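Participant: The whole structure should be built from the sequences, with the hints applied where relevant.
2 protein chains.
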Amino acid sequence: MCQLMGMSCNNRAATTFSFTGFSARGGRTSDHVDGWGIAFYDGYGCRVFQDDQPASDSPLAEYVRNHPIKSRVVVAHVRKATQGDVQAANCHPFQREWLGRTWVFAHNGDLGRFEAPLTCQDMPVGTTDSERAFCTLMSRVRQHFKNRHQPPEWSELAPVLADIVGDLARHGNLNMLLSDGHALYVHCSTHLHQVTRHHPFPKARLVDCDMSLDLGPLNAEGDVMTLLATEPLTIDEPWQTLRTGEFRVYVDGQEVWRHFNPQTQAFAAAERMAL
Amino acid sequence: MCQLMGMSCNNRAATTFSFTGFSARGGRTSDHVDGWGIAFYDGYGCRVFQDDQPASDSPLAEYVRNHPIKSRVVVAHVRKATQGDVQAANCHPFQREWLGRTWVFAHNGDLGRFEAPLTCQDMPVGTTDSERAFCTLMSRVRQHFKNRHQPPEWSELAPVLADIVGDLARHGNLNMLLSDGHALYVHCSTHLHQVTRHHPFPKARLVDCDMSLDLGPLNAEGDVMTLLATEPLTIDEPWQTLRTGEFRVYVDGQEVWRHFNPQTQAFAAAERMAL
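Here the protein sequences line up with chains A and B, keeping their order.
At position 69 of the first sequence the residue is numbered 69 (the working numbering), and the sequence of numbers has no breaks.
At position 153 of the second sequence the residue is numbered 153 (the working numbering), and the sequence of numbers has no breaks.
No wet-lab data here; the hints were simulated from the structure.
Among the clues, some could well be false.
What the hints assert, rightly or not - Covered stretches of chain A (chain B as the covering partner; in silico rule of three or more C-beta atoms under 8 Å from a C-beta of chain B):
no.	stretch
1	41 to 49
2	60 to 67
3	99 to 106
4	121 to 134
5	165 to 171
No experiment lies behind these values; they were computed from the predicted model shown.
No residue lacks a Cβ here, since even glycine has one placed at the ideal position from N, Cα and C.
Facilitator: Structure representation (structure tokens):
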């Protein structure tokens, strides 16, 4: 299993505080030592930092903790390998371009021997079930909107993605974060939490480090930010637990769409559907 | 105009010395201040570092200079914007996945108002002629090999790429580096140099910095490495100048294929074909 962190905001914001707590799970407060990655969107441009070293020791993670990169959407992952060996090609988030947008995807869970159909236009570079699921998802989206020259709006995409994600989640646990730099699409099979911050901003204390931050002076009155994480990153904030089968969409820091699939189930570690 | 640096090696090698000289061109010894990027292949996994700050000042470039990342193929770029504003989406190298390989592309030159055909499957995220050329190239390659499920060998790809690159170079200057992590494909319209290093390895002195390095102790007897750069990076090494219209392929540090297109021309800065 791995851990996820995501952020959606209506203004460009740094996530150094949150990433400090999150990256501690890559070796210090948790045993997710098989690599990590973080994607920052700057407009539709996307910069991905990845390393196959534990996030708590990695000099590149140290760089990311110490150099604020302002962004409106962030997708991050610390890896504990269940499938695929420890190598750069298996580090999340994965990325693909579709209709002039860079899509990134990070996954927590285990989809067993799930294989992408041979007809997929997107093919995995590495050897993880996660990248195979992402390739399947992107290929189905391409197919659904195959005559478009412009990317569809999130409102048109959301129900299509909810269907695809529902299908993928029949193979095993699919906790995921997906973005094109504008909307952040999330799905919960077993573990995902969210908190939305707005004025008045609290003083937040990290779960994983002895560190507090008064978020008030760092934010303007109109700022709205939603953070997502496998497990809450801070103490004293009202983190919500997503339900099994919930699919949500966030734009500019706020939830804009939600779907619940009652057929989605949470799989025990070794139990998966043979489909 | 921009500057390019590429490396192909038969063993994983660090390029910190070369990148130290090269990145000085991003603001200190040359005015390529509009961003930079470098792609390192680890097997078929590809890590890209990019920044829209000048390479000579960028803390991330400092990180890359100080933390050796061993790789068999490297593609790097410092940017002086001629088209497209200064933003992350316009930083080279660009990347796309095709048949389970990550392809990266970096370009020096100016292709004018060149537009990718609307039928392209790959679409640009940013606003540069370079990314439009890369999208066209990848879409033509996809089309040529459209029924494949496995990537073709370099020997099958090389003549196809040479044709496509010859077509693109009719629109303006196309000095480029392209790789899938195995082969490094290069084309020269105006400026590209190469040097191949093997035993006995020389002591090399950088052109752009007061820095020398004895390459002998860093390399084993069987190591072979080819470096490519817009302008030679070192003094005292036998850099070769590529001709206008030359397309070469390097695998494991050695040239394996070459094509010369006598119709390719070098364009003056403001002169381009209206095609």
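Participant: Would you mind marking each hint as holding or not holding in the structure?
Facilitator: Here is how each hint holds up against the structure:
no. : hint       : verdict
1   : 41 to 49   : holds (count 8)
2   : 60 to 67   : holds (count 3)
3   : 99 to 106  : holds (count 4)
4   : 121 to 134 : holds (count 6)
5   : 165 to 171 : violated (count 0)
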